[in-house]
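**Q** Sequence:
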Amino acid sequence: MPEVLVQYQAVIWQAIGETFVMVGVSILAAILLGLPVGTLLFLSRRGQILENQFVFSTFNLLVNIIRSFPFLLLVVFLIPFTRLIVGTAIGTAAATIPLSIIAIAHYSRLVEQSLLDVPKGVMEAAISMGASVREIIFKFLYVEARSGLVLGLTTSIISFISYSTIMGVVGGGGIGDFAIRYGYQQFKTDLMLYVIVIMVILVQLIQFTGTTVSRLIDKR
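Just so we're aligned, residue 835 is where the sequence shown starts under my numbering, counting upward by one.
Certain hints may be false.
[Unchecked claim] Have a look at the derived ranges for each label pair, beta carbon to beta carbon:
{"#": "1", "residue 1": "881", "residue 2": "1018", "range": "48 to 56 Å"}
{"#": "2", "residue 1": "1038", "residue 2": "953", "range": "18 to 26 Å"}
{"#": "3", "residue 1": "1018", "residue 2": "922", "range": "36 to 44 Å"}
{"#": "4", "residue 1": "967", "residue 2": "913", "range": "33 to 41 Å"}
{"#": "5", "residue 1": "862", "residue 2": "953", "range": "55 to 63 Å"}
{"#": "6", "residue 1": "969", "residue 2": "914", "range": "24 to 32 Å"}
{"#": "7", "residue 1": "881", "residue 2": "966", "range": "50 to 58 Å"}
In case anyone wonders, no lab produced these hints; they're calculated from the structure. Every residue, glycine too, gets a C-beta built ideally from N, C-alpha and C.
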């Protein structure tokens, strides 16, 4: 192991832990809230079983607004809301708030797109069999779209890792913040490069895992 990595080993592990916390909370928010929001966007579209133009337009506008915000500006804009939720605008816990909000918006759009790829015949078959809305969602839509949902979540996780590198602005820490503070700002280019390699390996592992799982569960 290079000497510079040994010197900063403890700090690097702490930074990796902070990244895992931020990304982990974002993933949880994406699944628990982004998945339902994306499903609602799909079901409330024109021609779908829960067609409601007001609901669709409202959620569609919210998702578009959040996704169109430059993430750094979103973090700053949400500081009062973050302080209201966690009592502070600084630290890893505070960083999870803007990350979770962008995670919900990001994944909900990918969920909607995955459900739109489900053949219309699947919905028609479910309705003809008298399936309830809940059964249509869980026994038909999610089953048919599961490969796309996993790929969408994989793409989202990689985006969350990228977003987490910005959280040093609000003292969120993380591996990206470590690379900037200890590598770039202290002119230790080798340390910064080692951290970049760690990030690249992490992203490749996530992409490989997501792609493999998606391929294994793809029933087509």
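**Q** For each hint, tell me whether it holds in the structure or not.
**A** Going through the hints against the structure:
Remark: the range hint 48 to 56 Å for residue 881 to residue 1018 is upheld by a beta-carbon distance near 51 Å. Range check, residue 1038 to residue 953: about 33 Å between beta-carbon atoms, so the 18 to 26 Å window is missed. At about 26 Å, the beta-carbon gap between residue 1018 and residue 922 misses the expected band of 36 to 44 Å. Our hint of 33 to 41 Å for residue 967 and residue 913 holds, since their Cβ atoms are close to 39 Å apart.
In this structure the supplied range 55 to 63 Å is violated for residue 862 paired with residue 953, their Cβ-Cβ distance being about 31 Å. Separated by about 42 Å at the C-beta atoms, residue 969 and residue 914 break the suggested range of 24 to 32 Å. For residue 881 and residue 966, the Cβ-Cβ distance of about 19 Å falls outside the hinted range of 50 to 58 Å, so the restraint is violated.
Consistency note: the structure conflicts with the earlier hints numbered 2, 3, 5, 6, 7.
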